[in-house]
Amino acid sequence: MLVIIVYAIGDGSIEIFSFEGLEFFTSTDWNAVYGRDAFGALPYIIGTLVTAAIAMTIGVPVSIGIAVFLSDIAPAKLSTPLSFVIELLAAVPSIVYGLWALFVFRFWIVGLIERPLYNAFGGSIPFFAKTPFGLDVFTAGIVLAIMIIPIISSISRELLKAVPDTQREAAYSLGATRWETLRIAVFPYVKSGLFGAAFLGLGRAVGETILVTMVIGNAVGISAIPTSLFSQSQTLSSVIANEFNEAASSLHLSALIGLGAVLFILTMAINIGGQLLVSRIVKISPGVKE
Amino acid sequence: MEETKLDKANLRYQLQSTMEQKSSRKRKINKVVTAFCIFCVGLAIVPLGSILFEVIKNGVPALSIEFLTQRPGSMISGRGGIGPAIQGTLITVGIASIIAAPIGILAGIYLAEFAGNSPYPHAIRFFSDVLTGLPSIVLGIVGYIVVVLTIGSFSVWAGSFVLSIIMIPIVVRVTEESLKVVPNSVREAGYSLGIPKWKIVLHITLKTAFSGVLTGIVLGISRIAGETAPLIMTILGTSLFFTGFNEPVDALPLRIWRLASQPYESAHSQGWGAALVLIFMVLLFSVTLRFLAMRKGFKVKAAI
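Protein chains in written order, with my numbering: chain A, 33 to 322; chain B, 242 to 545.
Bear in mind the hints are in silico, worked out from the structure with no lab data behind them. Only true hints are included.
In silico SDA-like cross-links for lysine to any residue, where the CA-CA straight-line distance does not exceed 25 Å: (1) 267(B) <-> 206(A); (2) 438(B) <-> 425(B); (3) 269(B) <-> 110(A); (4) 298(B) <-> 144(A); (5) 272(B) <-> 207(A); (6) 267(B) <-> 215(A); (7) 298(B) <-> 119(A); (8) 193(A) <-> 108(A).
Pulled out of the complex, with its shape left as it was, chain A reads as follows:
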């Protein structure tokens, strides 16, 4: 199956790689007009990385907080229905997230976070420059964070539960508080697993398409390189979704498939890294239990 995928994508993107060569990765020009064809993927690669980074900065701490609450703090009566609710979040299709983000959440973000930040720092710090109206990398990053939280937190909860209780009891018996127990006895135990969970979430955030397409503002070419938190951008996957059906020339189509190839390699690397980290902890844990 994987062979078919690699072959199909490789075959489809040969045309663009022979046309642009390595400039495909470094050029910022994106023009599909015949005769002025130029396809540079750099802005979209940056856009993808920036949104994913925002999503991770917000999503990972929150997810781990949730996992800790569910595994160590909440009584069983509360944690079972709560984990059910959080897994419901995972069952909501991303298109519905997109719809909600576009018509509801965007205005919360603009009103509650972006405007105050812009008014306070917009003039002085370029990071917060540009008048915000909600269709930007910041919104996309936050909605992505909301989307990956259920994934990361449910894996982290499983991992925390796999830590043997003797480990916790040893720390408690030394008079450690709950936080100290977590810090000295639990987290070191599952560190690589938590990294792996975060990696899997990252893979999801990098590949998510439709949600990002709806809220990122869809800039093209050089203007898609985000200069501030509130600028429009475009990710690898959203370009593909936006332009695939309008691709006029086979070169344009091939360029989009080339973007798909970049995305494929990126997510493959992230996922394999994540799998290796998660499976290491699962393999280690029974041994330590003895």
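Starting from the known structure of chain A, fit chain B onto it as the hints suggest.
Here is chain B on its own, set in the frame of chain A:
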């Protein structure tokens, strides 16, 4: 003599007070961390509440018999419905699950019952996990190249092909997990009666793990029913009812996407209506799965 005693007392006092200070700081940090964790849970629940609330609030007014059965009318008038989209989703997802369920179950059975300790199962498991993590839009491109370009038309087949690729790894993993929790004594009982292995798998283990396997299928279906991105380049979307397997069809997620990108208020309200229908279908699947899972005491691993 007196002084040293006093010194000792003093020292003890100081030690005690620093320890008390430390432990009060410890407790404070502990409280802050606990509060942070509770805050995080709140942060996750607010979006879910808001999504459900908005979808119901904006979606219910759009619902009508006409909306559920008619073809889309002109965007501005707000007439017409999402009939073709519902039909298209049912057909595409139906075919995809007919393809994916047997393959996924068989692969799961192989991994759990027949594979043993050879290196193949490890490789298969690893690749199916990686396959789960691939962005659906990349799979959409594959579907476009492999099926659409071969047939020469955007088609139901292409959509079902891609959706089944997304669904297979999910079914494989859940089937394998649920077969593995079947206690060995059940299998041994079968062996002791001299039943051949394939019969044991088919009639004993698979039956014991039935609800788990079913869960995997339902989980896969609810996942692919909400996929949008790969459908853009495979079934394309249309405003017509189903005309043939080699022709484009519509699907609910695609219809929502198109409606949301329209500048008209009426289109948006239809989009909310379609989202309500979709979410209702998916949640219905998920809730059924929970009940099945609870009844058999089988724990579903979170879908990754």
